[in-house]
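A.B. asks: The chain contents come next:
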Amino acid sequence: MLTFTIRRLILSVPTLLFISLIIFLLLELAPGDPMAQVPLTVPPEVKAKMREALGLGEPMHIRYWKWLVQFFWIEPQVLFDNMFGTTFAEGKQRILSWQTRSPVMDMVAQRLPQTLWVVGLSYIVGILIALPIGIYSAYRQYSVFDQSGTFITMIGFSIPPFFTGPLLIMIFAVQLGWFPSVYDTTHVVNDWDSFVIQLRQMIMPVMVLALQTTAQISRFMRASMLDNLNQDYVRTARAKGLPEHIVVMVHVLRNSMIPVVTAIALGVPGIFGGAIITEVVFKVNGIGAQLLSALFANDLPSVQTLTFMIAVLIVVFNLIADVLYGVLDPRIRYD
Amino acid sequence: MTEQDQKIEALQDDGPLEPPHSQWKDVWHQFRKHKGALIGGSFLLLVTLGVLLGEYIWTIDPQKLDIRNKDVRPLYTFLWDSGAKVQWAHPLGTDNLGRDALANMIVGGRTSMAVGWVAMILALSIGTTVGVIAGYFRRLDGPLMRFTDLVLSLPILPLLLVAVTLFRDPLRASFGPETGMFILIVGVVGITSWMQTARIVRSEVLALKEREFILAARSIGTTPGAIIRRHLLPNVISPIVVSATLGLATAIITESALSFLGVGFPPDFPTWGKMLADSVPRMDQYPERVVLPGMAISLTVLSVNYLGDGLRDALDPRIRGR
Numbered sequence: 000m001l002t003f004t005i006r007r008l009i010l011s012v013p014t015l016l017f018i019s020l021i022i023f024l025l026l027e028l029a030p031g032d033p034m035a036q037v038p039l040t041v042p043p044e045v046k047a048k049m050r051e052a053l054g055l056g057e058p059m060h061i062r063y064w065k066w067l068v069q070f071f072w073i074e075p076q077v078l079f080d081n082m083f084g085t086t087f088a089e090g091k092q093r094i095l096s097w098q099t100r101s102p103v104m105d106m107v108a109q110r111l112p113q114t115l116w117v118v119g120l121s122y123i124v125g126i127l128i129a130l131p132i133g134i135y136s137a138y139r140q141y142s143v144f145d146q147s148g149t150f151i152t153m154i155g156f157s158i159p160p161f162f163t164g165p166l167l168i169m170i171f172a173v174q175l176g177w178f179p180s181v182y183d184t185t186h187v188v189n190d191w192d193s194f195v196i197q198l199r200q201m202i203m204p205v206m207v208l209a210l211q212t213t214a215q216i217s218r219f220m221r222a223s224m225l226d227n228l229n230q231d232y233v234r235t236a237r238a239k240g241l242p243e244h245i246v247v248m249v250h251v252l253r254n255s256m257i258p259v260v261t262a263i264a265l266g267v268p269g270i271f272g273g274a275i276i277t278e279v280v281f282k283v284n285g286i287g288a289q290l291l292s293a294l295f296a297n298d299l300p301s302v303q304t305l306t307f308m309i310a311v312l313i314v315v316f317n318l319i320a321d322v323l324y325g326v327l328d329p330r331i332r333y334d
Numbered sequence: 000m001t002e003q004d005q006k007i008e009a010l011q012d013d014g015p016l017e018p019p020h021s022q023w024k025d026v027w028h029q030f031r032k033h034k035g036a037l038i039g040g041s042f043l044l045l046v047t048l049g050v051l052l053g054e055y056i057w058t059i060d061p062q063k064l065d066i067r068n069k070d071v072r073p074l075y076t077f078l079w080d081s082g083a084k085v086q087w088a089h090p091l092g093t094d095n096l097g098r099d100a101l102a103n104m105i106v107g108g109r110t111s112m113a114v115g116w117v118a119m120i121l122a123l124s125i126g127t128t129v130g131v132i133a134g135y136f137r138r139l140d141g142p143l144m145r146f147t148d149l150v151l152s153l154p155i156l157p158l159l160l161v162a163v164t165l166f167r168d169p170l171r172a173s174f175g176p177e178t179g180m181f182i183l184i185v186g187v188v189g190i191t192s193w194m195q196t197a198r199i200v201r202s203e204v205l206a207l208k209e210r211e212f213i214l215a216a217r218s219i220g221t222t223p224g225a226i227i228r229r230h231l232l233p234n235v236i237s238p239i240v241v242s243a244t245l246g247l248a249t250a251i252i253t254e255s256a257l258s259f260l261g262v263g264f265p266p267d268f269p270t271w272g273k274m275l276a277d278s279v280p281r282m283d284q285y286p287e288r289v290v291l292p293g294m295a296i297s298l299t300v301l302s303v304n305y306l307g308d309g310l311r312d313a314l315d316p317r318i319r320g321r
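Keeping their order, the protein sequence lines are chains A and B.
So for the first sequence, numbering that gives the first Met the number 0 puts the first residue at 0; every next one is plus one.
So for the second sequence, numbering that gives the first Met the number 0 puts the first residue at 0; every next one is plus one.
In short, the hints are calculated from the structure, not lab data.
Predicted model, so just to flag it, every value in this text is computed and none were measured.
Please note that the accuracy of each hint is not assured.
Distance condition first, Cα-Cα at most 35 Å in a straight line; then the derived DSBU-like pairs of lysine-lysine [claimed, not checked]:
| hint | chain 1 | residue 1 | chain 2 | residue 2 |
| --- | --- | --- | --- | --- |
| 1 | B | Lys69 | B | Lys84 |
| 2 | B | Lys69 | A | Lys282 |
| 3 | A | Lys48 | A | Lys65 |
| 4 | B | Lys63 | A | Lys282 |
| 5 | B | Lys84 | A | Lys282 |
Extracted from the complex, chain B is given alone in its bound form (with noise of 0.2 Å):
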């Protein structure tokens, strides 16, 4: 048999030899190979999940107050201190008001995560949309980075602290304590994080556009709409979702550190941040008021930096596959 006809052999196969692999299934593979990532990814959907349905399990009211069992320490201060106050009814301790910490942290990690959520949603929409049209657009991709630019030379958290303090008290009454907060926070993370989204966007928008698919879709008369719609956007969707992971890491922390400072939610409105920063005053005689809601930031924050580490990986068509 000549070298010929083994050519033509080959290509008389009836189909190929092992199914097609779908995109998808490729950056799960990829994806699955990062150790940290995938931990980290349990670990926030458990976050989640425990907060969003803690609830239901633990059905302590967070706002009861309880003074005659104030001050219950965490049941694991029994292992050193076999002395310690501490109860089965609330494994995680009480408050100086006897509020039960677990139901307080699952309450107050609702509010940061949905601030976190939110916030991160505004802000990739914000930079998605600003950085389509500028990549785009010709004609208005010099205003629109010149403004980005501009933006991103601004004091953030000076200005975060400014626009949360003197724009509390409309909202607060106009939306009530907990809804006007939450808009405001949420509002002014999303608009001063919009940038880092909004350039990469805009590069990756710039370099598909030369590309024969777009001219195609261009010929066939696709108005700008469609072809943004249709082919421009699933194409930019893996460096949106990487810089999601990064926005909501650092929403959750603006957030806390908002309240930290005392500018946050209102008094008996419990976040991860706020429990932290009313407990530093009495940490040295209870120290897991400090340490445990800020683990679970860190922790969270942690988790979700991993998982963008992978996802960035996974996602990335030059590094899969090898």
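The following block holds chain A by itself, in its conformation from the complex (with noise of 0.2 Å):
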């Protein structure tokens, strides 16, 4: 198992180089100039200098070394500093945002936590819905509870989230007035009642982001418990006297599990795809609003660093997923 995660882990490097450089040529080969803001007036040497105080006088190649050389060595060391006081990364050059002129890397540490907040509870709430939803429609199929939980997955798979956004905001806070539209990210929770109304202007995001999870999640737990249902050792089960709540709560869901854990983990990178378009629906002003603005501002390095740290995410999760596999699963270990 362990020679497996490793050589899992190495096959890793070259597959986000891959991703860092096709990130890059797209950026590179796009025709927009950052220097198109600058008025006509000023001077081309004058230009050409700002060209190069951007970073962009040198060749191509260099210019890919350098990021990476940012990324994966300068960046760490500051976070290095961050956490333990240490002065590493004092001096060095760290990835500049165009459009601010500080480290990209400060502004994503201010948005990662609200990103975080909306995107992981809405996960977790979309997991804690599905699976008992998934189980039971399973355990009675064809029932009129799993008939009416095919329809609404069907809907969930259906209906996007900048549909169900402005829905959910037209119902519940211009009709009802139950919560506020838009998400307050400057709320800070110190006591009881600010906790409520934090947990009030979270609940519509979360509810967008969690229906999506919920529809997929439980269509896997469904086919993975129907698979399972119908195997001897259930009826082994049942033929030795246990009674019916443990032969499905603890022999069936057990390996029914299995592949769901695998696509919960598979399913993370997307949900943060997801969450561009809630992000920008409740205006929570997290990494998706941030990509969106640093592409309308044509801030390359922003768009670039942000976009790597999304392709990070998935490939760390698969990695995750075939090593989960690997342990839940004594079948398939590659070793």
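Could you use the hints to bring the two separately framed chains together as a complex?
C.D. replies: Here is the structure:
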């Protein structure tokens, strides 16, 4: 198992390099000019100097290498410094945003908690709703509960978040006035009342994201339970007189969770993509909103770094899913 | 009469008792049993016909400004609000510039459906080509599938946003604002959604390749190209059809999402996603402008998903006939 994990870890290095190269080349080949906003009265030699100040003077491969060094070597040092108070990264060149001239990672560090709170909580809520639905609709296959569950998950698949978001705002914020329509990022939780306010403003974005998670995970859970319920070991367990809840909740559930756990790990990166839209709808000041604003401002270093961070998430969670599969199911260990 | 005689007598039948079933008749028979798929399929057909032929029936120009009749509400608001401004001439109301909502829905739907179909066909052709080549030629299997894995771990939505934002202007300049945007969106959606098809087709081809009829075809000297065309492709058609429905749904949603985020088609060119996005700021007064396009997207995607569900059951010979 350990060799498999190490081999997968080593394999993910070229994957990440390839992805970073694709992102870099895409931005490089794009015809946008970061100097487009500069007034025409600025003389060309000053413009050339400004380009150099942005780091655009050097050839392509050197800039790519510099970015790699900044992302993989200098930024972790900064993180280390912040955590332990050391000074490894002092005076070293960090990835600077063209928009604000401040390090991209500082902005990410400010905004990441917002995204993680909303996205993470919605994922957990979605899983907690999905698992019982999946278990019960498999146990009572073709019952009314199963049929309506299928219908609701189909709807969850089909209604895009940019429609459920405004729909929820219209019903619960405008008509009923229960929840605020805009997520207040600066809100500080320090007592019970402010916690309630935080809870109320989180309900709608979390629900929008959780609907999609619920739809996918409950389908997986149902299919996986159905595969296991007809197996011989279930008949054995019933025949030896085990109570029904132990048969289902212990014997069948534990075996059915294997593919579901992998699906849960694989779904994490996808939910960050959905978070971009949800953040726009509810005006959450998170990573997705930062990516969009950087994109519209032609702030290429920010776009490159943020896109690559999402790619890292995908690769890491693919790895986790693979390793988890091996840990949970001894039959498919690769060594 | 002995048992032996009976058997021989049974063999003496002139012909089969009932005419042989064709495969597609069986498929249709099974498909009819799935109510959701039947309803979904008819709805999809209805929407497609509606957006294609709608402008010949509802002849109002969607771009015509009529400032006197702006902000007309849809007819059904009259049911609970007798003071609402409704007109028979505009059954779904008008927007803040007096453009007819029904005409815009028809034209917008045509764009959304066209993007969905073309992007899906592009993704299917790339996916099928990669899958068949990887499955049939063993030497190319490794590299092609590693490449597919790499593309699968790309962050799709951020990359789509980046590509559309950055390449918008040159394509608009060379093909005109609408065609350029159409090519760009169809291209990026198609290029980023072929991977699942490729994987499914490859696994099917790998299994088919070992069967006797392929061996027979090879032994009489059929070239690889002819084997693929004559023997492999017709046998992998059913997974391709199922992933086509998934692809259509994804493409429609992706196009709407891009329009919603403000990187889609130019402002005077309606699509369902764009109409929805444009109406969000004033949705407390005119909720129908969000609900109608949103419902159109959701119902279309829902019907496509149900259609795919039914097709999967109907095309699977293990389920069929049970």
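A.B. asks: With reference to the structure, classify each hint as holding or not holding.
C.D. replies: Status of the hints after comparison with the structure:
1. Proposed proximity of Lys69 (chain B) and Lys84 (chain B) is supported: the alpha carbons are some 10 Å apart, at most 35 Å.
2. Using a Cα cut-off of 35 Å, the hinted pair Lys69 (chain B) and Lys282 (chain A) holds, with the two alpha carbons roughly 29 Å apart.
3. A threshold of 35 Å between alpha carbons decides the hint, and for Lys48 (chain A) with Lys65 (chain A) the separation of about 19 Å falls inside it, so the pair holds.
4. Straight-line distance between C-alpha atoms of Lys63 (chain B) and Lys282 (chain A) comes to about 34 Å, which keeps the hinted pair within the 35 Å bound.
5. For the hint linking Lys84 (chain B) to Lys282 (chain A), the alpha-carbon distance of about 32 Å falls within 35 Å, and the restraint holds.
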